[in-house]
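Undergrad: Assemble chain W onto chain D, guided by the hints.
Below are the chains, spelled out letter by letter.
Number of protein chains: 2
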Amino acid sequence: MIAVTILGNNSAVPAFDRHPTSQLITINGTTILVDCGEGTQIQMMRYKIRRAKISHIFISHLHGDHYFGLVGLISSLGLLNHLQELHVFGPSPLQEIIELQLKLSNTILPFQLYFHTIVKEGLLLVGSNYEVSCFNTNHRIECYGFVFCEKKKNRKLNLEKIKEFEIPTSFYKKLEEGIDYTTKDNRLIKNSDVTFPPTKGKTYAYCADTKYDEAIIPFVHGADMIYHETTYLDNLKERAELRFHSTSKQAAWIAKKACVKKLLIGHFSSKYAELDEFEKECKEVFENTAIAQEGVSYYV
Amino acid sequence: MIAVTILGNNSAVPAFDRHPTSQLITINGTTILVDCGEGTQIQMMRYKIRRAKISHIFISHLHGDHYFGLVGLISSLGLLNHLQELHVFGPSPLQEIIELQLKLSNTILPFQLYFHTIVKEGLLLVGSNYEVSCFNTNHRIECYGFVFCEKKKNRKLNLEKIKEFEIPTSFYKKLEEGIDYTTKDNRLIKNSDVTFPPTKGKTYAYCADTKYDEAIIPFVHGADMIYHETTYLDNLKERAELRFHSTSKQAAWIAKKACVKKLLIGHFSSKYAELDEFEKECKEVFENTAIAQEGVSYYV
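Sequence order for the protein chains is D and W.
Under our numbering, think of the first position of the first sequence as 915, with each following residue one higher.
Under our numbering, think of the first position of the second sequence as 915, with each following residue one higher.
No lab work stands behind these hints, which were simulated from the structure alone.
Some hints here could point you the wrong way.
Note: identical chains are not told apart, hence a pair may lie in one copy or across any two.
[To be verified] With a cut-off of at most 27 Å between alpha-carbon atoms, the simulated BS3-like pairs for lysine-lysine come out as follows:
id, residue 1, residue 2
1, K1176, K1067
2, K1185, K962
3, K1017, K1125
4, K967, K1185
5, K1017, K1185
6, K1185, K1151
7, K1197, K1077
8, K1088, K1066
9, K1185, K1066
10, K1065, K967
All figures in this text were calculated on a predicted structure; none of them were measured in a lab.
Next up, chain D with everything else stripped away, as it sits in the complex (with noise of 0.2 Å):
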């Protein structure tokens, strides 16, 4: 299962009680912070969220909507005495700007704090029973959207075939793992006999800031949910281009024609005070779509 949990969902300036992006990814067991605008850590607070359980941030771009509350969350963890270690994925020079603060007060982490510094699109991170890789999207500067994918290990028992061989339950959780058995008399029952491939794991994108661009579509394509920005209701596409930002009815084809099952919108313009209207002209193309509103986890 992943949790995606909106921490900020406006875009550039803070307004109407909206915050600069940040959302929180759970992917089997792992916390992970994608993006970190200025307030983060207080949003986390706010939704009561322990800051020291992130192992994993990254950040898309440098805008600073995306990333200037980072120095201060890796500030108040080194303060709160967090001892995990802490992996920054970013584009250069993320990794200066960060060291070259922490340098000037004197911080000592008590916890070992590595860059992996982002140069092209590709896998980025492997976990145990996950994947994260990123892919350009078409923005002012280097920028990039990130794809979050269970990996699903465990095949799935085919319990009839199970009982037929007369497999014991103590065996089952090789099985699970592809194992082949053994009989007491020395036969050999080939696992594939026996189980189910693994399902497929979910997989959530979050497309980071972007224009319109078709070429996104295979990184995200299928994908079980994606987060899409909608800077602009649909009647100002041309400021949309301009600023390298899309509208909501362009996320809303992204999503149609990459096959997503379901498309997050965010990164609303502080021109906007009222967000119905953003969900309204999606859904005219694409039904599925729902508003990333703060505070709250959204389930693939």
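TA: Just chain W, lined up with the frame of chain D:
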């Protein structure tokens, strides 16, 4: 009149809906921000304070809880198309940190941003009706306190004498400016014979982060109000000493010895959920003490 509005009253880590240090100072029509911890601009929105009013920002030192919100605030002013020039005063290399981040995000500000690197104590800024000076505090890294003084230029009219010399009301403004009056029959009336000297301007001193150090007393002596940090209650005097911070009673002793009129206390450690005890302990030494409450304005 000087008004001090508290935007953040907590120490390093935000907690209990208390935020890192920031104060807004309004002095004779000029709006000044002192320190700018993460989330300061969000606090301003919460308390309906227009970010665009700020013309000067003073940063006491480069611990993150005093400046991590600065680059976000500057970026937002740019995005909001703020046009008034902005002056930032702080220790080196604040300018380098901010400029690096603006450069990396391709930010071109629509207003002039001037950095003034503080290198030693003394006068920093002379406005038409106020002055700002700074003094060294005793902290783990280079750190400055700030003194904000009203300049009262206008002399007070001595109405009794003015009537006696039959000076017309149209000349009152010039009398306030210190100009002598010449009667119709060419008699010189000396200004000092018909006016009193200007009243003394109000003074507010912000003592930043500091351990207990009587060396700051001469700089804040006789102030109408001072803000002094009280990171810990008095039973943690040793921890305060070790971390270059102060306790409740230490702040109160500085206020008492400096003969100030009022003491504001803040920069509370995140270990304290309740703050009443801080006020109680201070008042045992210095009666006119108030907790710097977020969202509240204190008038001098």
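Undergrad: None of the hints should be skipped; say for each whether it holds.
TA: Each hint tested on the structure:
1. For a Cα distance limit of 27 Å, the shortest separation of K1176 from K1067 inside one copy, 25 Å, qualifies, whereas the shortest one across copies, 67 Å, does not.
2. Proximity of K1185 to K962 under the C-alpha cut-off of 27 Å is restricted to the inter-copy arrangement: shortest distance 17 Å between copies versus 29 Å within a copy.
3. For the homomeric pair K1017 and K1125, the shortest alpha-carbon distance between copies (22 Å) is at most 27 Å, but the shortest distance inside one copy (36 Å) is not.
4. Taking CA atoms no more than 27 Å apart as the test, K967 paired with K1185 passes between copies only; the shortest distance there is 20 Å, against 34 Å inside one copy.
5. Taking CA atoms no more than 27 Å apart as the test, K1017 paired with K1185 passes between copies only; the shortest distance there is 25 Å, against 38 Å inside one copy.
6. For the identical chains of this complex, K1185 and K1151 are intra-copy neighbours only, at 15 Å inside a copy versus 50 Å across copies, given an alpha-carbon limit of 27 Å.
7. Neither within a single protomer nor between protomers do K1197 and K1077 lie at most 27 Å apart by alpha-carbon distance, with minima of 48 Å and 79 Å respectively.
8. Taking CA atoms no more than 27 Å apart as the test, K1088 paired with K1066 passes inside one copy only; the shortest distance there is 15 Å, against 86 Å between copies.
9. For a Cα distance limit of 27 Å, the shortest separation of K1185 from K1066 qualifies neither inside one copy, at 43 Å, nor across copies, at 42 Å.
10. In this assembly of identical chains, K1065 and K967 lie within 27 Å of each other by CA distance solely inside one copy; the values are 21 Å within and 52 Å between copies.
Hint compliance for this structure: hints 7, 9 are broken, all remaining hints hold.
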